[in-house]
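In the numbering used here, the protein residues as written are 1 to 286.
FYI, nobody ran anything at the bench for these hints, they're computed from the structure.
One or more of the hints may lead you astray.
Claimed, not checked - 35 Å max Cα-Cα, derived DSBU-like pairs, lysine-lysine:
hint	residue 1	residue 2
1	Lys119	Lys169
2	Lys169	Lys215
3	Lys188	Lys169
4	Lys188	Lys119
5	Lys239	Lys169
6	Lys215	Lys119
7	Lys239	Lys215
8	Lys215	Lys188
9	Lys119	Lys239
Unchecked claim - Derived Cβ-Cβ restraints for the label pairs, each shown as a range:
hint	residue 1	residue 2	range
10	Arg97	Ile121	13 to 23 Å
11	Arg248	Trp63	43 to 53 Å
12	Gly3	Ala91	37 to 47 Å
13	Gly3	Tyr263	39 to 49 Å
14	Arg255	Gly58	47 to 57 Å
15	Ala81	Glu198	23 to 33 Å
16	Gly58	Gln257	41 to 51 Å
17	Arg255	Lys7	45 to 55 Å
18	Glu198	Gly30	36 to 46 Å
19	Ile121	Pro59	25 to 35 Å
20	Asn143	Pro77	36 to 46 Å
21	Pro210	Lys7	37 to 47 Å
22	Pro247	Lys7	39 to 49 Å
23	Gly98	Ala250	32 to 42 Å
Positions of the beta carbon are idealized from the N, C-alpha and C atoms, including for glycine.
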Amino acid sequence: MPGNALKILVADYDLATTLASGQAFRWQPGAGVWTGVIHRHWVQLHGVPGGIEATTAGPVTDWSWLTHYLQTDLDLPTVLASFPADEPLRAAVQHARGLRLLRQDPWECLASFILSSTKQIVQIQQIVALVAERYGEPLAVPNGHSPTHAFPSAERLAALSEADLRDCKMGFRAPYLLAAARAVAGGKLDLERLRGVELAEAREALITLPGVGPKIADCVLLFAYDFPQAFPVDVWVMKALRRLYFPRRARSPARLQRFITTYFGPHSGYAQQYLFHYMRTHPNPV
DNA sequence: GCCCAGGTGAAGC
DNA sequence: GCTTCACATGGG
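Use the sequences and the hints to build the structure in full.
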């Protein structure tokens with residue numbers, strides 16, 4: 001029987017921390033409820049004892065889009081057990097146990113992170129909301145809720161001008177987003193193909209886009225694909241590495257990179273997310 | 001006013 | 001290889 005509500009049984013899932021953790025930008029907190037958009041679905045989520053309750057605008061028969069996005073089948077204890085047993089990671093995990101990685105749509109994730117450079121998370125949310133409101137297709141929403149839009153397709157954005165995008169307050173990122181939209185819409189960059197290639201090859205393919213460097217590429221590979229060893233290094237993660245792992249003397253970028261790829265194990269991307277969250281919420285040394 | 005934000009590319013050495 | 005700078009915009 002198709003319904004518009006579902007309870008997902010899952011342990012070790014901190015919904016609020018996950019949705020606010022700066023990997024996805026379309027979630028708005030309410031009174032214990034998170035409202036957002038996944039693909040073409042308006043959805044409300046709230047964490048309850050033993051799991052997550054979801055409500056949609058209309059009847060749903062196949063909920064796999066939701067469970068896949070939330071990654072509720074992932075066994076978190078296995079991931080955590082794969083981390084090196086050091087003090088920084090122990091503290092970071094203890095501080096936010098239940099923090100998860102989502103599995104987003106590659107195009108939306110790529111576009112969002114192109115917009116992310118030297119922006120605070122709240123500002124990225126504002127820009128993404130503006131782009132969706134202006135150029136995304138309207139979605140079905142329950143009575144009493146404000147109108148919501150899907151994130152616009154690459155084809156839709158590719159048809160715009162740079163000025164249209166600059167009007168969405170994205171500044172110097174506008175030509176980068178436009179170039180990415182045109183590369184994807186024109187078939188020059190096949191985001192689906194990246195699902196089946198090695199991490200290094202997928203990274204290279206993304207970095208060919210102007211405005212996409214190693215950090216943004218790794219965000220997309222970690223948050224939208226199945227690359228558990230993608231390890232985006234932003235200002236916060238760099239602070240974590242310097243302060244928690246190399247407090248005495250600075251390491252060259254090459255040495256740091258080698259440390260990242262050898263030290264954190266098969267789920268290093270997850271370790272990165274815990275370190276990121278820990279530094280963001282503990283910006284000052286204890 | 002000032003500094004900073006889930007960076008990147010270009011120019012300089 | 002590494003360092004410095006510009007690039008828009010808004011929050012603290």
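Notebook entry, point to check: When you check the alpha-carbon spacing of Lys119 and Lys239, does it fall within 35 Å?
Noted result: holds (17 Å)
Notebook entry, point to check: For the pair supplied as a hint, Lys188 and Lys119, is the alpha-carbon distance within the 35 Å limit?
Noted result: Between Lys188 and Lys119 the Cα gap is close to 28 Å, so the pair holds against 35 Å.
Next item on the list: Could you check the hint for me, namely that Gly3 and Tyr263 are 39 to 49 Å apart, CB to CB?
Entry: holds (46 Å)
Check: Is the gap between the beta carbons of Pro247 and Lys7 within 39 to 49 Å?
Finding: Given about 45 Å between the Cβ atoms, the range holds.
Note to self: Would the hint linking Lys239 and Lys215 be met if the CA-CA limit is 35 Å?
What the structure shows: holds (15 Å)
Next item on the list: With respect to the beta-carbon atoms only, verify the hint that Ala81 and Glu198 lie 23 to 33 Å apart.
Entry: 25 Å Cβ-Cβ, so the 23 to 33 Å window holds.
Margin query: If I claimed the Cβ atoms of Glu198 and Gly30 lie 36 to 46 Å apart, would that claim hold in this structure?
Written below: holds (41 Å)
Notebook entry, point to check: Is the hinted pair Lys119 and Lys169 satisfied, with a Cα-Cα distance of at most 35 Å?
Noted result: holds (11 Å)
Margin query: Holds or violated: Lys239 and Lys169, Cα atoms, limit 35 Å.
Written below: Holds. Lys239 to Lys169 sits at ~28 Å (cutoff 35 Å).
Check: So the hint says 37 to 47 Å: do the beta-carbon atoms of Gly3 and Ala91 match that?
Finding: Cβ of Gly3 to Cβ of Ala91: about 42 Å, so the range 37 to 47 Å holds.
Margin query: Assuming the hint says 32 to 42 Å, is it satisfied by the Cβ distance from Gly98 to Ala250 or not?
Written below: holds (33 Å)
Item checked: Outcome for the supplied range 36 to 46 Å, where the beta carbon pair is Asn143 and Pro77 -> Distance hint for Asn143, Pro77 holds at roughly 41 Å.
Against the hints set out earlier in the document, no violation occurs for any number.
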